[in-house]
Every structure is written in structure tokens, then in C-alpha cells.
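Each chain is listed here by its residues.
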Amino acid sequence: MEMNITRREILRFVGGSALGILLTPVPWKALDDSAIWTQNWPWIPEPVRGESSYKLTSCTLCSASCGLRARCIGNQPVSLSGISAHPLNSGALCSFGIIAHHLRYHPARLSRPCRISGKAGASGSTAMAFDELLLEVAAAINDASASSQTVAIVDGRPGRTASHLFQQFAAGLPNGKYITAGESSLEILGSMFEKPPGPLAYDLDNSKMILSFGVPLLDRWGTPARTARYLQKKSEGKQRIIQVETLQSRTAGMADRWIPIRPGTEAAFALGIAHVILKDKLFRDASKDIAEFETMIAAYPPSAVAEICGVSQDFIRDTAREFSANRPSVAVIDGSANSRHALAAVMALNILVGNVGRKGGVVVHREIPSPVALSKNKMSPISTLDAIPDHSIRAMLIDESLSGSSLPDGLLQKKLTGNGILVSLSPFVTERPFCTQYVIPSPVFLESLAELTGQADRESSSLSLSAPLVPEPAGMVDPIQFIQRLGSAAGVMNIDSGTTEELLKKRMTAIYSEKRGSIFNASNGQTSELKGLTSPDELWNVLFAGGCWMDSPETVRSLPAVRLTSVSTADRIKNIPPESNQLLLLPCAEDVIYRNSEISPLMSKVGQESGLRPSGCKVYLQTATGDALGLTDGCRVMLQTKKGSMQAEVRLDPSMMPDVAAAYSALNQQNIISLCEMNQDASLQPTPVKIQKV
Amino acid sequence: MESNEKKPRYGMVIDLDRCNGCGNCTLACAVENNVPPAHENANERTGITWMRVQKVDNNRPYPENRSVYFPLTCQQCDHHTPCESVCPQKAVEYDTETGIVAQIPVRCLGCRYCMTACPYHARYFNWWDPEWPKGMETALNPDVSTRMRGVVEKCNFCHGRLQAARAKAAVEGRRAIADAEYIPACAESCPTKAIYFGNLADAGSEVSRLAKEKNSFRLLEQLGTEPKVYFRSEQSWVHEQMNAKLKTAEKEKIHG
Chain A
4 MEMNITRREI LRFVGGSALG ILLTPVPWKA LDDSAIWTQN WPWIPEPVRG
54 ESSYKLTSCT LCSASCGLRA RCIGNQPVSL SGISAHPLNS GALCSFGIIA
104 HHLRYHPARL SRPCRISGKA GASGSTAMAF DELLLEVAAA INDASASSQT
154 VAIVDGRPGR TASHLFQQFA AGLPNGKYIT AGESSLEILG SMFEKPPGPL
204 AYDLDNSKMI LSFGVPLLDR WGTPARTARY LQKKSEGKQR IIQVETLQSR
254 TAGMADRWIP IRPGTEAAFA LGIAHVILKD KLFRDASKDI AEFETMIAAY
304 PPSAVAEICG VSQDFIRDTA REFSANRPSV AVIDGSANSR HALAAVMALN
354 ILVGNVGRKG GVVVHREIPS PVALSKNKMS PISTLDAIPD HSIRAMLIDE
404 SLSGSSLPDG LLQKKLTGNG ILVSLSPFVT ERPFCTQYVI PSPVFLESLA
454 ELTGQADRES SSLSLSAPLV PEPAGMVDPI QFIQRLGSAA GVMNIDSGTT
504 EELLKKRMTA IYSEKRGSIF NASNGQTSEL KGLTSPDELW NVLFAGGCWM
554 DSPETVRSLP AVRLTSVSTA DRIKNIPPES NQLLLLPCAE DVIYRNSEIS
604 PLMSKVGQES GLRPSGCKVY LQTATGDALG LTDGCRVMLQ TKKGSMQAEV
654 RLDPSMMPDV AAAYSALNQQ NIISLCEMNQ DASLQPTPVK IQKV
Chain B
9 MESNEKKPRY GMVIDLDRCN GCGNCTLACA VENNVPPAHE NANERTGITW
59 MRVQKVDNNR PYPENRSVYF PLTCQQCDHH TPCESVCPQK AVEYDTETGI
109 VAQIPVRCLG CRYCMTACPY HARYFNWWDP EWPKGMETAL NPDVSTRMRG
159 VVEKCNFCHG RLQAARAKAA VEGRRAIADA EYIPACAESC PTKAIYFGNL
209 ADAGSEVSRL AKEKNSFRLL EQLGTEPKVY FRSEQSWVHE QMNAKLKTAE
259 KEKIHG
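Chains as they are written, first to last, in the working numbering: chain A, 4 to 697; chain B, 9 to 264.
Worth double-checking, as some hints may not be accurate.
Below are the DSSO-like pairs computed for lysine-lysine, each with C-alpha atoms no more than 30 angstroms apart in a straight line [as the list claims (entries may be wrong)]:
1. Lys176/B with Lys15/B
2. Lys201/B with Lys237/A
3. Lys201/B with Lys236/A
4. Lys696/A with Lys253/B
5. Lys201/B with Lys58/A
6. Lys176/B with Lys58/A
I should point out that these hints are in silico values taken from the structure, not numbers from a laboratory.
For reference, chain A alone in the conformation it holds in the complex (with noise of 0.2 angstroms):
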């Protein structure tokens, strides 16, 4: 039999195929696959696949000493979040202390030792290896010996055990200084005694009422738990928080009540403040030169502070009132942006209203038990930088290895002579463009085995552990490890021996012989006191998996005297800027503040992905004031002030104050604070500065 096939029955079969396959699963299958392929290409990322498993530690990013929980697969953290029962931060973090296991795979860290030329804009970076650094730094800083010139060490986090051996190490030098980079309104309170006082503390828990002077107090300051802390109290009536300050913050928009005053205006503010207390009586303070001190704030009276700092009169005298009647109350100002004689003044209105050693004012912190401290190797004294003659410091070295508190770079400058280097001990690269600087890697958190001592604004000190989690990259140097290797290379012979491990240990047996203060156990969440543990090795695990361990609050002691005539009064601000078509110029930080190489890249996430990019400066102003000059939102300006010129974008927004123009420096741009005038203790001042649209 012949088979004829047809072209029209081939047309069919195909036909009938295509319409056949609809009708099963086989292409709509294909179609999902191929979605599928194409979305899964080899260059796009792909989470490593395991078992979950949780670890506990401690956070280093500040004093606050967060406990937070890492969830891990394998050894890689992946997350991290707080632990609920931690008594320093009831289970919240901070955003950067959330995103903190980043911090090792930011694009700044520093792999090797290396020199940065001095000069600006030179790329002068250059690698060398940590036994050839430390012959350099060894020379410097025995030519700075020779000569009579200071060696300066600086460190961001005193108390430590490395603290102790930092102060060793100046100890055994000619001219060797410590310096401590703590908070520096504390310092300023602690000079105005006779006698140094012993470490100072805001005990903010206990306080009735707290009035702030720009510290960012419900925002990023101390623990991140504060803000929750304090709405339950303010739920219940038991907390007040006044904020005085130029710009509506965040802290000034959830206080109850913000007093917005003109820039620099702060110490004026205060002294406002404690000429109504001393006026009306209303002061509790015994010290011997409170008459004088009278005499010299008799150019503050309400009415002359309301117009230089441009509020309402009621506000002075009502705050004053406040302030003096709901005790226990503490006055707080921000270190890092005011000058010295503001921070003086209003720790004079602690001093007036006897807040200082009282629970729920200042308090006085007992010193954390340390061999080190005590061992036969000698102990140089604290120091400020403020002490220290301008041009004198040869060589200054920075523990930078920690993050959270560090000097102004206008303030290093001015101390350090004219051939004086810089040695920072830094996970990071920090480019300083004013001096030679050697920079030494030191692991970041999670890699490396760090002890957390302080709390600032806490009733008592404590003490924690931060465990390493990951392996830390070859060639890391830890703080201990730096100055015991320097020490050696500069025949400096007085510091204590023994591994970072061993120092603490002993560290832990000393503050275990104490049997005093209390113990949280992160494993079971419960807190019990220190002397039910059977042996310092029982608290050295507890606090290497997440605990901590709780000073017992300094008892009631006699204060030394105080001289409140320390104050000076002398800078007095002047209002309004002279010239019409001049605002003041206010230097902002807060835009710049996730481009910090101390934070994760994930930052970027927070805030306008615009401000990523080198746009230039931005300049935030009133909406009246820019209309007055003919400004709208988005046009560009030129800034001039008598130091300078820059460009910038301008931001109208109607919560700025009149005739204050709030920069923010832009990203590898030149920096806002170039155009701004500097005190003689570095801090800025608001400057004048003309603004015409480009």
C-alpha cells in the first residue's frame, strides 16, 4: 500500500501540534523555567545556605555597651539584634550597631600599616611593614624625649586596661601626656574642683527632669534604649525634658518642650538661668565663691539674655524655676559642638542647684578594679588637650580602634609642631591632611576580643566583653599589643607584659575579689549579684557570651570645693550679624553622618540617595529668609565668609530658624567648617556669612 503524505497534511500535524502542546503543561513549564534561568544569572549574589545558629556579645561602636544577639550561619553573622533582657539596652540598637558585622567588609578598611604624606591632596599613602613603622614612630619619639618636647597618647575610651597601659607607657617618657577624648562637659565639671572628684556621670534614668543643651539625648546619644525609656516615663509623669536648641532635631521635636535660641548662644542661656536661680534664691550649692560668682553674671539678667539669644524672657525665668524645683534634675550639653566656656556654664547650673553626687544628677562613678592600675609600673596622670601649649606635640598617638569619640582634627592640628606626626591605630583609613600620619589596622568588631568599660550617663559604671565572633584578617594589631610592642621599639620598659586574654582575666579575678555590683547572664537573661559566682573564670564566660557586669552605685561622699568662678564670661555673642544680606552660618554634621567610614555601607539606605553623590554643600534656610533673598528651593549660591567661599544648593524649610543658614558639608567636597571661624578651643563659632544666588 502507498502512503502519499500531503503538504496539507503536513500543515495539519504541525498545526495540530501547536494547538495539541497548548493544551498540556509543557509550555507554560518552559515559560516559568526560562523566568527562571534568566533571574538567576551567576554573577547575581546568592546567600550562603546553612544552619542558623545565635551568638551573644557585646557592641564596641560606643561606651554604651549594647548586648546584642548575632545570628550566625556557620561562623558568618548575618543579623544582629539586642537582647531583650540586657539591663544597658533592653533589647534595642542603634542603626549602626544594627548593621555593625559590615564594618569588616567596608571599602576603607585598612589591610597593612602605612604612611599618608602630609600634604593636602597629595595621594602620598605608602605601605610599609609594622616593625619598619614602629622604627619610625620609635625615632620620632625619642627625638620628641631629647629635645623636651611631649609625646602625647590619646585615648577615646579610658578605663580600659589598655587605658592603664597607655598612661604606663607616657609614664616612662620625659614629656609623655594621656589624654582622654571622653565627654568633655564631664571633664570640664571635674576641673572646676579643687581636688579631681573621681570619674563623673550623668545618671539620666533617675533624673526628674533633664535640660539638654543640643545633646541629642532621644536620638543617638548613650543608649538607644533612652527614647523608649523616657516616653514610659513621660507617660507616667516622671520625666521632663527641656531641649535648648538652634535647630528642630529630633530630640527637640519629641521633648516636651523646645526653646529654639540663636546660634552660640548657649552659654548666655545658662548664665540667664542662674542669674534667675541665684536672684530668686532658688539655689542649694555651698561653695565658697557663690557671692563672686553673683558679681560676675550681673550682665546676665533675663532681659538682656532673652534679647541676645532671642526668646521670651517667661522661658528663662520658668526654665530656671523648672530646673531648680523638679530635683533631682541635671543640665547636659554637647561636648562635641560647643566651646569650653559654654560646657562650664552649664555645669555651673548642676553645681548651683546641687545636683553633682546626687542620684539622678552628676554622680560620681567608683573606679573599676585593675591590676594594671595598680601594679609597680607607674601611672602617668590624666591630661586634657586643653592643657597642653599649642605647637608642643612631637608626636601624638591615637587609639582609634574603637569607635565613638575622637578629637576635632582643628584641635589636633594646632597642638601638634610643625614637624609632629600622627599615629592612629584604626581599622580604617583616616586621611588627615595636615601632618604625617601612620596609620596601624586594627580589627573591627566582632574580629578581635575588646573590653567595654563606662556609661556616661549611666548611675554606675560597668564593665563587658565583646567576643571575637570571625577570625580577624593577618596583620591586625590590637590596642595592648600596639603600645606593649611600641613601648619596646621607644625603650619605654615600664608596661605591664602579658596577651590582651591574660591582662583581662586577671582584670576579671580582680573585680571578682571586689564581690561587689551584679552580673546580667545574657544566656539566661537573669541579673544576680557578683558574689553568688562560684570563680572568676564563672565571670569571665559569663561576660564573653553577652553579659556584663554592673558597678554597685557610689555611696553618698563629701565632694571636694568647687570654684564656680571658673566660668568665664567673657565671650559674650553678639546677636545679629552686623551687615544687612548676612545670615549666620551654622555647620551641620548630621547629612554627612552615614558617609562615615566607621558605619556600614548599608547607611547609604538612610536618607536621600541623592546626598550620595558629590553634589556639593547644602544650605538649609527659613523660607521667609530665602524669599527675602530671592531664593528658591534647589538654586545654587555662593557662601562667603571672611575665611573663604564655597557653593552650595539651598534648601528652603519653614522649621529654620530666621536668618540662619544650616550647612551641610557634601561628600568629598571641601568642608563647610573651612568657612567657619574657630574658638581658641577649636570649637566653631557661628559665623556671618554672606549668601548670592550663582
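Position chain B against the provided structure of chain A, taking the given hints into account.
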């Protein structure tokens, strides 16, 4: 089979009087859902931030000016979900068992109809392949897949966490999960406890109670999409100004 009344309706109440705009929710969300750092060419329209903290003020001049921060995310519309109804690929799925509106990136063809339809600007298109700094890809969450260039993504109330809670319950022989077992990363990370999350269908839950309070409101409620994200504030101007801000649709002008 469970009756409709017993099915959970997961929702959120955000207390704007407690929000200090810290951005923890944004960051925790990015960590949980493997959202990469901002691309160097990204702007306010093209960047991806499933939960973005916005600022709104009372439009009064200084010194009466006051502002609040509000985290804006997918509002999880419960009725006539606009994005779901326009998607030609069935890449948006409304889960009748939980009320969660999920995005399925592998089905998405990138037409962006859903972005046009969304009245809350809560959907994001991947204009670039995801990139992390070298080594950081090892710290990604293994429970959530990364997305490629050309697809849309958005908040899904951390669906991976719901799956994990369900899996744990199944292993323990339970069908239901407890409220505390499932909480999205944003709510967990909020240091001021401004974000409440739970089952709106459970009259006894905290989130249900707060949603019914007189100071609670929803965005663009007049559209009738029944969002399951509520906001609350004792300041009367907040409600009006937030809606006004959304209506402008000028994301470039929104200062995060």
C-alpha cells in the same frame, strides 16, 4: 477547613509620636531582605528601600513648625489590591490565608504596571543588578533570594519569617503560630517600640485595639483599598499632612 473569620489578617500600627526617625526599620529590613547598598547612580526614584522613613511637617512657619517621621512601606491593601489587579504575570499574590500581599520576583517581567497602580509609591524596580562590597555577600540572609535587574520588589511583611515560624510550628506538631513567633524585622528592630505588628482579625490583640483607636488612621483611606498598615498620632495635623505629602508624588522633594 478554617472559616474566614478565623484566618489571620496581619497588619501593623505605627505610632508616629514614638518614632524618632532613626532609620533602624529601614536598615533591619534591608538586612533581612538582602536589599543592597544604594547604587552609585541611584536617586530618590530609582533607589530601593522597602521601608523608607519620610519626614512631614505641619506647614507652619518657625517657631510653630513641628515635624514627625513616618516609615512608609507597602500598605498591604486588603481590598481590590491595585498592584495585584494590574499584574499581567500573576507576580503579585494576595494570600487569602494571611492577607499578605507578596511579590514573586521570578514571575515578574518588569512592566512596572504595579508601580503605576500603587498609590503609596511603595514598589521598587531593580534598575541594576544587586551589588555588595567585596565579601559582604557572605553576610546575606539565606532565607531570602536576591533579585536581579529588571524586576519589581516590595515589602512582604518579612514573609520568610512567617514561613520559618510555620515550619517550626509544624515540626512541633502545631498548626497555629503564636503572635510572638512572627514579627517582621522592622518591628523587631524599632528601639522606641513605635511599630506594633500582629493579627488585626484577633479582637484581643494589641495591634487590633490600637487600630481601632480614634487617633489611628490609614493613608489615602478614601481609595477603599483597606490598607492593613495603620498610623497613629495625637497631633491632629499629622493625618492631613501625610496624605497631602503622598498626593504630591514628588519623591525627589521628600527629605528622608
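Here is how each hint holds up against the structure:
1. Lys176/B with Lys15/B: 19 angstroms, holds
2. Lys201/B with Lys237/A: 15 angstroms, holds
3. Lys201/B with Lys236/A: Answer holds: lysine 201/B to lysine 236/A is near 14 angstroms, not above 30 angstroms.
4. Lys696/A with Lys253/B: Holds, at roughly 28 angstroms.
5. Lys201/B with Lys58/A: 24 angstroms, holds
6. Lys176/B with Lys58/A: At roughly 20 angstroms apart (the allowed maximum being 30 angstroms), lysine 58/A and lysine 176/B satisfy the hint.
In summary, this structure violates none of the numbered hints.
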